[in-house]
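For the protein sequence lines, the chains are U and A, in the order given. Per the numbering used here, the very first residue in the first sequence carries number 144; after that it's consecutive. Per the numbering used here, the very first residue in the second sequence carries number 6; after that it's consecutive.
Since the hints were derived computationally from the structure, they do not count as laboratory data. There's no promise every hint is true.
[Said to hold, decoys possible] Calculated lysine-lysine pairs in the DSS-like style (CA-CA distance at most 27 Å, straight line): (1) U:K239 x A:K107; (2) U:K239 x A:K95; (3) U:K185 x A:K110; (4) A:K94 x U:K239.
[Said to hold, decoys possible] Residues of chain A placed beyond 12 Å of chain U at every Cβ, according to the derived structure: (5) A51; (6) R71; (7) V75; (8) E84; (9) D108.
Yeah, the Cβ is synthetic: ideal placement off N, Cα and C, and Gly gets one too.
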Amino acid sequence: MLLKKEAKRPYSIVIGCGSAGAEFAFLLCKEGEEVLVIDREKDSFSKLPSFFDGRTLAGDATYPDILEAAEIGRATSLFLLTGCDNCNIFIARAAKELYGVGRVLARLNDPERQGVYEAFGVETFYPAPLVADSLLKLQKSVKKEDLA
Amino acid sequence: MKRRVLLIADADRAYSLRGVLTGKEYLVTVINPNYQDCLQLSSDTAFTIIHGDGTRPAVLEAADARNMDVAVALTSRDEDNLIICGLCKKSFHVAKTVAEIKDPKKSELFYKTGVDHVVCTANSVAGILSRQDLLAGIVNRVPLGEGRVSVAEIPITEASPIVEKKLWEIDLPSEVVVGCILRGEQNIIPRGDTRVLPGDILLLISSGSREMEAIRKLTGQD
């Protein structure tokens, strides 16, 4: 019974271990998913909490060798959080075309590139409005008198 | 009509293609992200120079990508070359796209994205090396039809694994045929039951990629 449950556990790969990537990988782990984080710089993994129990892989994920080392073929979801839009698009195409990953979501860094993601059929997520929204809420929570 | 070529490359690459892409046959536009390089290129060459990042649709638009016959992406980043060629194909309908890549394993992705030609130095070097070892024992090899077909002379020695065998007994790939056997003063057009003797020279006609495999089988060399 336990074995069956284990086999169905989703496997997510997060590429790009910046502050957002590290935080997101940690949350996915807490949700019970199997998680692997890939980053070009080994030092980036220091952003992960010490009790993060997913795996890490240092390497450039635009290289098929690295994606294969990550066993991308069995990944259920791929999240692209590198700061380079062209890298995100390249890896997304590779994941879909070569390894048949079903769900691929990329962070849009430069909104001017939205059209390029669309041309390549890559779904994006753009965090800036959420940051602005949070800031606005914070600003509104301050009493008007205090600002005067 | 001159062919219109869009070249996305650093200054060195653009200079190195100056001789090939002459003004007589080609109208060349170069996209380069470095402003100083652009100034230099525009004074030294007859190319039209666009300063900018070729992975941006607006820059490709400014370079008139829509009216290009060929787009050639030779930046140092594989991912940029894929995006340039992909955009030229999908958004600007350029008939032919060429990309350079560093990692040969990426070529499948490029072809699947619709890139027409992928140039990879690592692959070329590997091809030359593997051929050199093998072809050391071969007198002559002539590529024909833009290199798609070749005729090679294969000398057969006592050590060859096919000595004394009839042609039909030799398991050769289907893209390869022994077209003639040179035996002393004789030229034999072989049939299936022709026996290979030491001292024979086989003329091997190959199309496709399995020539080396066939040569290995005939000579016994690895």
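Has the given pair, A:K94 with U:K239, been kept, meaning a C-alpha gap of at most 27 Å? With Cα atoms ~19 Å apart, A:K94 and U:K239 stay inside 27 Å; holds.
Hey, is A:D108 genuinely clear of chain U, shortest beta carbon separation above 12 Å? Check fails; 6 Å does not lie beyond 12 Å.
Keeping to a limit of 27 Å between CA atoms, is the pair of U:K239 and A:K107 held or broken? holds, 21 Å
If we take the beta carbon of A:V75, is the closest beta carbon in chain U still more than 12 Å away? holds, 20 Å
A:E84: least C-beta distance to chain U exceeds 12 Å? A:E84 not clear of chain U: closest Cβ-Cβ about 4 Å, inside 12 Å.
Given pair status - A:K110, U:K185, alpha carbons within 27 Å: Holds: U:K185 and A:K110 sit about 24 Å apart, inside 27 Å.
Is A:A51 truly not at the interface, in the sense that its beta carbon sits beyond 12 Å from all beta carbons of chain U? Correct as stated: the minimum Cβ-Cβ distance to chain U is 30 Å, above 12 Å.
Quick one: work out the minimum CB distance from A:R71 to chain U and report holds if it exceeds 12 Å, violated otherwise. Per Cβ check, A:R71 is outside 12 Å of chain U; nearest 14 Å; holds.
Given the hint that U:K239 pairs with A:K95, test it: the Cα-Cα distance must not exceed 27 Å. Holds, at about 17 Å.
Checked against the numbered hints given earlier, the structure breaks hints 8, 9 and satisfies all the rest.
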